[in-house]
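Peer 1: Take a look at the letters that make up each chain.
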Amino acid sequence: MDITVFKSKKLVVVGLVLLILIWLATSPLYASSSNIRLLSTILMYIILAVSWAMFSGPTGYMSLAPAAFFGVGIYTAAFLYARGSPLLPLPAVIVAACAISFVIALLVGLVTLRLKGIYFAIFSFGLIVLLGLIVQYWENQIIGRRGQHVVAESTETVFYVMLAILVATLLVAYFLRRSRWGMAMLSIGGNEEAAAHMGVNTTMVKVFTFAISATFMGAVGAIMATRWIYVDPSTAFNPMYSFMPVLMAVFGGMGQLYGPVLGAAVFAYLERMLRHEFPAYYMIVFGVILIIVVLFLPGGLVGLIPKLRDRLRGVIAKLRKGGQAEQHANT
Amino acid sequence: MIESLPSIIIGGILMGSIYALIAMGLSLQYGVARVINLAHGEFIMIGAILTWMLYTSFGVNPLLSVAIVGPFLLVIGFILHRTLFTSLRTKAPSQGAFEGSSLLIAFGFIFILQNIAILIWGGNVKAYSYLNFPVRFLGTTFAANRLVAFALVIAIGVAFFFFLTRTRLGKAIRAAAQDPATAGLMGVNINRVLPLCFGLGAFLAGLAGVLLSMSRAISATMGLSYTIIALIVVALGGLGSIPGSFIGGFILGIIGSIVSFWQPALSMIVFYGIFLILLLVRPTGILGKK
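Each protein sequence line maps, in turn, to chains S and G.
According to numbering that gives the first Met the number 0, the first sequence is numbered sequentially starting from 0.
According to numbering that gives the first Met the number 0, the second sequence is numbered sequentially starting from 0.
Do not take every clue at face value.
If you only want the chain G side, here are some residues facing chain S, beta carbon under 8 Å, derived [stated by the list, open to error]: (1) Glu98; (2) Ala216; (3) Ser218; (4) Leu230; (5) Ile250; (6) Met267; (7) Leu275; (8) Ile276; (9) Leu277; (10) Leu279.
Treat the hints as calculated values from the structure; they're not laboratory data.
All C-beta atoms in this analysis are idealised placements derived from N, C-alpha and C, irrespective of residue type, glycine included.
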């Protein structure tokens, strides 16, 4: 009986995911274009948060590099999809952004992933600023023009490409979690030395997962560039695109795949509501929530659910007991 | 290049002394309190802007505001550590988990402090003029405020060195740096010493802010670049070593002043390059122990 319950539960989840995807895919037919833009932004943050959690969640290596690969994607589009002289069609540009981010992440991973804990976090943060400074130097000193123009794509195109990347990200994240590879990552997070002794090729697992997660970040960057149209080093390599996904994933909780999705959706919406009118207040709220979550919600929103359920069960059990006791008293 | 070499080197040493002061603070916070305080630069910014405000609005001498800004940030740092990081440290399952969480909290500080500063004082660049007359020094000319800052940093460095090596509290701090748990067993009040170190780090950041505001333009968003410089100097000189901070600070100051003489646009790239290479080759620094 348990098996049928499990199966029907699984069916419900799959059905729900399909429904949401169908709703998303058809939304450009009836939603206003400003709402489609909002949805694209939410999808962007979901992809960044899920792909960050793909690597940093199970292994415990805190990467602050998302903004670096995001920026690499943006500048790939700036080169290959420049306004007036696009070198490649859009799909090829996205694939190129994936490939370039993958290769850079592979190289960076090979050199840096032997750094432990905090040093890796600092290095990955330094990477954003270093890449930004190099691009800025190249623009100012060599081509003598700050910023690049990118071919503008329609709101719908951006949205559908974003949706496709999201589906790919979620599928990869889902299968990674369930595979032997995912177990290997968890064991690295638990105790790296022990994992190595058990026969896990820790370097390969870490480096490849890092590179795979960077692939999606690069893809998102490339498509966002066609929406922003004009990009420069300070918008492309903005550390906020590292902090936001980390906060979203931590806020949503990394215990479940849908944790980062939830966190990203909530924060992307909040950002849209508050950022333009009250930027300073928005950032202060952002900081306060970050601190509160780290201090009091180590499992994130997702970690809260089993706790609430247990508490609810406790209350129900108490009520039942209370009722029974009353019955006993009556008889 | 050759004629201006002495002035480049001396300029680098003057700047490097401030880098050393910044790095000493970060070194205390990470080396002892185990908090990698990426908001270190925001404390520097607060110190600098407070000094600017005290001078331009109330006419308080910047050298006097050392005595106001420093203790103020010391108290704030102590309270922050006592309220947030102490409970985090006791709950954390491992050292690594604590360091990761405290890094995130430090990010939270960056957003909060920087934007509070923007709300109160605005995001524009500020500067004031104090002790800004030229002084001939070793055949070259410098603004008096930079020489005063240099003398103050040396005095603070020496004072801190003796504080850590000669006093009972200094001994307790050094014990806590080696192993907080064992130090606790030996009668060191860890829940007081660690917040104190975090507070002292904020204190040093505040002093650096006061000195920086005398010779440089300041703004609410200046923090991050100084945090990075502090990280580089700590990476160069080694964690928890005051002489190391000074050596690292001078090296970085001289390199920075040579590179910015030759190719100003490259100086930050060179800083980062040095930093990333150092992290890879020798994460414990020149004089680091671990």
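Peer 1: Please list, smallest to largest, the hint numbers that this structure does not respect.
Peer 2: 2, 3, 5, 8 and 9
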